[in-house]
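Q: Each chain is listed here by its residues.
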Amino acid sequence: MARKKLETLTEQMYYALLSLWEEPRHGYGIMQYVEELTRGRLVIGAGTLYALLARFEEEGLIQLTDTQEGRKYYALTGEGRQRLREEYQRLRRQMADGAALLEKEEPL
Amino acid sequence: MKTTCWKYFSFLNIDYKHAQDRLNQWAAEGWELVEVIGPFARLRWTERTDLTYFLDWTSGSEELRDYAQLVSDAGWERVERMGYLNIYASKPGSHPRPIQTDPELEFKRFRTKALRHMLISVGAVLAVVLFCLFTFSDIDTTHSLLSSSMVYNSSFLVSSLTHSLTLSAVLLFLPFWGLGCAVYFPYFFYRLRLWGNAVRAGEAPPPPKRWALRAGGLLRAAGILSTSFAALLLIPDYLLNDAFNWGVCVGGFIGCYLQFQRCNENITRRRHSLRLSVIFLILVACGLLHNPVRERFPGRIPFGPIHSQSDHVDLEMHCDAFLGSYARGHERVETGIEGQSISFHYTVQEWVSPAAAQWAVGDIPETLYPLEELEGVWRSFEWDTDPEFTGVSLMGISDHARKLELAKCPNRCFYLRRGTTQVAATYFYVPEGMTDEELLAPLLDWMEGLE
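Protein chains in written order, with our numbering: chain H, -19 to 88; chain V, 46 to 496.
Since the hints were made in silico from the structure, they are not lab data. Treat the numbers as computed from the prediction; the structure is a model and nothing was measured. Among the clues, some could well be false.
Said to hold, decoys possible - Straight-line alpha carbon distances no greater than 25 Å define the calculated PhoX-like cross-link-like pairs of lysine-lysine that follow: (1) V:Lys158 <-> H:Lys52; (2) V:Lys158 <-> V:Lys52; (3) V:Lys52 <-> V:Lys254; (4) V:Lys62 <-> V:Lys52; (5) V:Lys62 <-> V:Lys158; (6) H:Lys52 <-> V:Lys136; (7) V:Lys52 <-> H:Lys52; (8) V:Lys254 <-> V:Lys453; (9) V:Lys52 <-> V:Lys153.
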């Protein structure tokens, strides 16, 4: 059941990491940013995000930078940025492969 | 129009999604949850139309501060906790998203937060029960007569049915609780397997059958009500019986206070604070009222000296329970000879019916021999040598200590049975030449009066 290592990111994982690309954010800031970025298409629940952040921190993808009024701020680590780039490239390749086939006319 | 109401609200924790649906259904009808007490929920009428609920697994203790902060920022407010589940209500105007949006992570949270603690708790309770059974059932039957607290039951557990209402209720409910566990745990693990399979397949877990939901709710309600009933019996126990003392009161209060200290949210802290104050007041009132109440209701075994020549009477313990009553004490009996008095120690058990007495006391052990001249009286062989130590438990050690005491000075030990009453009596420093009949005459008269 438990993922051994983050070989592939789920959509919620990808967007949670992506929200930290530009600047450190706290948990609720991440939730709001993801909803705004995806125009409400993707929602991450507070409990789910908490578990994801704990896992990212454990795997060294993010680090705690500050705590204000009980809210923890996280930033991407170098490894986290690298992991996000790799995931982006993987998704691009998937897109390209899909486009090469699916944008052709359907076979009879 | 009614602004508050009570509704039946009982689900097994593994069926928590249905409890959540029920709360959301009530919220849609205009009722918000105030609190859950046992198998009932107290609801209050609300004008809110945006109220929703979410049930989230927890370890049973308070959530970490940063988790609570994140959930609060997301628009949820914790209103109640039911075992390993926190009940969150949406804050006015917040329209929050669900707390858990990844089924796999939700299942993982259940396993790491709730299931692990649940199994540890069950293991701890089982260990305590087994320890008690081991400790209190390890009594050497043939020597029990001499133990000050046993009278002559081969088992402390049977004997304790006359000591305390709470203990009696616990012992009587124990088979039903065992049966409940035998039904609950297979169902729990069956539902858990279905949930795990559904998560792996990326599907929603199949809903439980309606009858299973209803039966599970009734099972939980029966468990809560029977436990509460047993706990409430502590009040008459404190008022009437000597099975519990101030030490137990203070210990209970410290336990409640420590539980209270674990709550760091204002809403539950206020509620717990109120409950704690009520418990404390009840404990103090019971302690203060114990003697006046006891004097008004002497119970099945009367107070007062058994021997008219007693110049010192000490009733150490006096209890009344559903199935029987128990008394233990000692007297110093004047013999008429200056400087010589008999020390008389006794324990009495009075059962509510002959059938209960027969079931509880069983047969007479071979180590006692009947007195031919007195019917229903047996005498034990005198302890004039150091006994062998056979006990390995606390009760065994206590029993051994008593035997050592008996071996030190001349004594006569008797066991008397009349109808529903049994008495163990030990006489120390009996003057030479005094027969058993003379010695036992006042006690036999007293027992006749008892019947």
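Q: Now tell me if each hint is right for this structure.
A: Right, here's what the structure says about each hint:
no.: 1; hint: V:Lys158 <-> H:Lys52; verdict: holds (21 Å)
no.: 2; hint: V:Lys158 <-> V:Lys52; verdict: violated (29 Å)
no.: 3; hint: V:Lys52 <-> V:Lys254; verdict: holds (22 Å)
no.: 4; hint: V:Lys62 <-> V:Lys52; verdict: holds (18 Å)
no.: 5; hint: V:Lys62 <-> V:Lys158; verdict: holds (17 Å)
no.: 6; hint: H:Lys52 <-> V:Lys136; verdict: holds (22 Å)
no.: 7; hint: V:Lys52 <-> H:Lys52; verdict: violated (40 Å)
no.: 8; hint: V:Lys254 <-> V:Lys453; verdict: violated (69 Å)
no.: 9; hint: V:Lys52 <-> V:Lys153; verdict: violated (32 Å)
Of the numbered hints given earlier, the model fails hints 2, 7, 8 and 9; all others are met.
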